[in-house]
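J.: Chains as they are written, first to last, in the working numbering: chain A, 1 to 239; chain B, 1001 to 1239.
Simulated from the structure, these hints should not be mistaken for laboratory data. Beta carbons are placed, not taken as given, at the ideal position from N, Cα and C, and that holds for glycine. Certain hints may be false.
Pairwise CB distance ranges, derived in the manner of DEER restraints [claimed, not checked]:
#1 B:His1158 to A:Arg112: 42 to 48 angstroms
#2 A:Arg112 to B:Thr1216: 42 to 48 angstroms
#3 B:Ser1013 to A:Gln21: 27 to 33 angstroms
#4 B:Pro1002 to A:Ala140: 36 to 42 angstroms
#5 A:Ile130 to B:Ala1036: 31 to 37 angstroms
#6 A:Arg89 to B:Trp1180: 37 to 43 angstroms
#7 A:Pro153 to B:Gly1174: 34 to 40 angstroms
Footprint (simulated), chain A over chain B, 3 or more residues, beta carbon under 8 angstroms [unchecked claim]:
#8 1009 to 1016
#9 1070 to 1077
#10 1081 to 1090
#11 1137 to 1143
Some chain B residues well away from chain A (every beta-carbon gap over 12 angstroms; in silico) [said to hold, decoys possible]:
#12 Asp1029
#13 Asp1052
#14 Gly1093
#15 Asp1095
#16 Thr1104
#17 Leu1124
#18 Arg1129
#19 His1158
#20 Val1159
#21 Phe1161
#22 Glu1162
#23 Leu1166
#24 Arg1172
#25 Arg1206
#26 Ala1213
#27 Pro1219
2 protein chains.
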Amino acid sequence: MPTARLDIEYDGSDFAGWSRQPGLRTVQDELERALATLLRQEVALTVAGRTDRGVHASGQVASYEGAPAEATALNAVLAPDVAVVACARAPDGFDARRDARSRTYCYRMLLRRPRSPFERGRALWWPRRIDVEALQACAAALPGTHDFTAFTPTQTEHVRFERDVLEARWERAGDLLEFWITADTFMRHMNRVLVGTMLEVATGRRSVESFEALLTGRPRAEAGDTAPAHGLYLVSVAY
Amino acid sequence: MPTARLDIEYDGSDFAGWSRQPGLRTVQDELERALATLLRQEVALTVAGRTDRGVHASGQVASYEGAPAEATALNAVLAPDVAVVACARAPDGFDARRDARSRTYCYRMLLRRPRSPFERGRALWWPRRIDVEALQACAAALPGTHDFTAFTPTQTEHVRFERDVLEARWERAGDLLEFWITADTFMRHMNRVLVGTMLEVATGRRSVESFEALLTGRPRAEAGDTAPAHGLYLVSVAY
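Turn these sequences into a full structure, and let the hints guide you.
T.: Printed below as a string of structure tokens:
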């Protein structure tokens, strides 16, 4: 059986996340239905990053056992908020999830007083004061191996809470402020709780040191709020 | 009576254009209703650029006779696809339309094979070959005063067909190709017919010379198709 690799983009606004869920509209469902239509066989996708409800992807990767389908034909049957950028034969046994060495996510914020019609649902609107240097000090503490127990829900499927962060930084360009992070794998909500907690530091409600102290396996209750999903993008996966 | 100036952004996708029309959702209606709610008086807006159905604006300007309203309060009662960036007292008698010296528009195209969930409704998707140098040669012919009769519908309210183009150029950045044009004023559909006709040159169906020849007051039938509205943005107005 050949193996195929899909490179995918989606606007997560109207999806209940990646993973198939009965009665809900999910990216996995949408793609598996399109593939089944074109390939005339059932297809089960394995994905690099199981994004939550409302999270976007500009560089998601999935794989399946079967022949590749034509990307243009797939896009013709897919809804407009999801697109296949490439669909190609992969090395036998390629597994988009297991074979991924790292994932890169970006969290986008819009720093300006008025809200923006063009960035609604695409970036977290932040009309208040924010200490960008404090955010950068937090991000500087992230590279390396840490226990991220504080940054994922207590009720969780995870069994191992250490993650290896390869790179993390905040970047500003005009009104946009972006948090970029690359790690081996991420736990559920991890990026959004990281951003929510760093925002507490950036608004004077928490110190950089208290943020750093959370990276040693503290309980979830000690970290901050989960930032909204609509600012988060899965940008790329490295193999 | 004081005069107020409004700086406005809108995603034109779900609007039937700027101008009030019975039974249709327009930007003017939306703003006049919000202003009337806050100011407790009827307000009649004058606008720099009466954009068509589906056209966007990132730098629209309007004026009205009356006190300025608080931008944050206006945005709280406006729909999410329109935002007031500023609302301020203007010099007595300021008229957003009559006092404008020039308007700048941008037409955005996305050059890539797969369609994009993030640029749908925001840029014209162009998956085919395109001759960018031919587009640039066309744009180079635009600065100066020309008769744009060929670039506006035959049934029109305009009485004068000469327009003074101050600047025009195509710019490429990655997958995005943008046409920037600044002129004293624009006629109905003028930018979209310019783009549609230049695209005929860029796909080998028309010569640069035949495009240039249209700038001398030729009939509408000799120019090309009207490019889709969703690639067009009113970017700024100079006073």
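J.: Are the hints correct? Go through all of them and say.
T.: Right, here's what the structure says about each hint:
Look at B:His1158 against A:Arg112: about 37 angstroms separates their beta carbons, and that is not inside 42 to 48 angstroms. Against the hinted window of 42 to 48 angstroms, the Cβ-Cβ separation of A:Arg112 and B:Thr1216 comes to about 45 angstroms, which satisfies the hint. Checked against the hint of 27 to 33 angstroms, the pair B:Ser1013 and A:Gln21 passes, with Cβ atoms roughly 29 angstroms apart. Checked against the given bound of 36 to 42 angstroms, the beta carbons of B:Pro1002 and A:Ala140, roughly 51 angstroms apart, lie outside it.
Taking the beta carbon of each, A:Ile130 and B:Ala1036 are about 35 angstroms apart, inside 31 to 37 angstroms as hinted. At roughly 42 angstroms, the beta-carbon separation of A:Arg89 and B:Trp1180 lies within the given 37 to 43 angstroms, and the hint holds. One distance hint, 34 to 40 angstroms for the beta-carbon pair A:Pro153 and B:Gly1174, holds here, with the actual separation near 38 angstroms. Coverage of the segment 1009 to 1016 of chain B by chain A holds in this model, with 3 residues showing a Cβ closer than 8 angstroms to a Cβ of that chain against a need of three.
With 3 residues bearing a CB less than 8 angstroms from a CB of chain A, the segment 1070 to 1077 of chain B meets the requirement of three and the coverage assertion stands. Check on the segment 1081 to 1090 of chain B: 6 of its residues sit with their Cβ under 8 angstroms from a Cβ of chain A, so the three-residue criterion for coverage holds. Counting residues of the segment 1137 to 1143 of chain B whose beta carbon lies closer than 8 angstroms to any beta carbon of chain A gives 0, which falls short of the minimum of three for the stated coverage. The claim that B:Asp1029 is not at the interface with chain A holds, since no C-beta of that chain comes within 12 angstroms of its own (minimum 16 angstroms).
Non-interface status of B:Asp1052 relative to chain A is upheld: no Cβ of that chain comes within 12 angstroms, the nearest being about 17 angstroms off. Annotated as non-interface, B:Gly1093 keeps its C-beta farther than 12 angstroms from every C-beta of chain A; the closest such distance is 26 angstroms. Every C-beta of chain A lies more than 12 angstroms from that of B:Asp1095, the closest at about 23 angstroms, which supports listing it as non-interface. With 12 angstroms as the threshold on Cβ separation, the claim that B:Thr1104 sits away from chain A holds: the shortest Cβ distance comes to roughly 17 angstroms.
No beta-carbon of chain A is positioned within 12 angstroms of the beta-carbon of B:Leu1124; the least distance is around 14 angstroms. For B:Arg1129, the condition that its CB be more than 12 angstroms from all CB atoms of chain A holds, with the nearest at approximately 15 angstroms. No beta-carbon of chain A comes within 12 angstroms of the beta-carbon of B:His1158; the shortest separation is about 29 angstroms. With a least beta-carbon separation of about 34 angstroms from chain A, B:Val1159 lies farther than 12 angstroms from that chain, consistent with its non-interface assignment.
For B:Phe1161, the requirement that its beta carbon stay farther than 12 angstroms from each beta carbon of chain A is met, with the minimum near 33 angstroms. For B:Glu1162, the shortest C-beta to C-beta distance to chain A comes to about 34 angstroms, beyond the 12 angstroms cut-off, and the non-interface label holds. Listed as a non-interface residue, B:Leu1166 keeps its Cβ farther than 12 angstroms from every Cβ of chain A; the least gap is roughly 25 angstroms. For B:Arg1172, the condition that its CB be more than 12 angstroms from all CB atoms of chain A holds, with the nearest at approximately 19 angstroms.
No beta-carbon of chain A comes within 12 angstroms of the beta-carbon of B:Arg1206; the shortest separation is about 27 angstroms. With a least CB separation of 37 angstroms from chain A, B:Ala1213 remains clear of the 12 angstroms interface cut-off, as annotated. With a closest Cβ-Cβ approach of about 37 angstroms to chain A, B:Pro1219 is found to remain outside the 12 angstroms limit, as its non-interface label requires.
Violated hints, in rising order: 1, 4, 11; the structure is consistent with all others.
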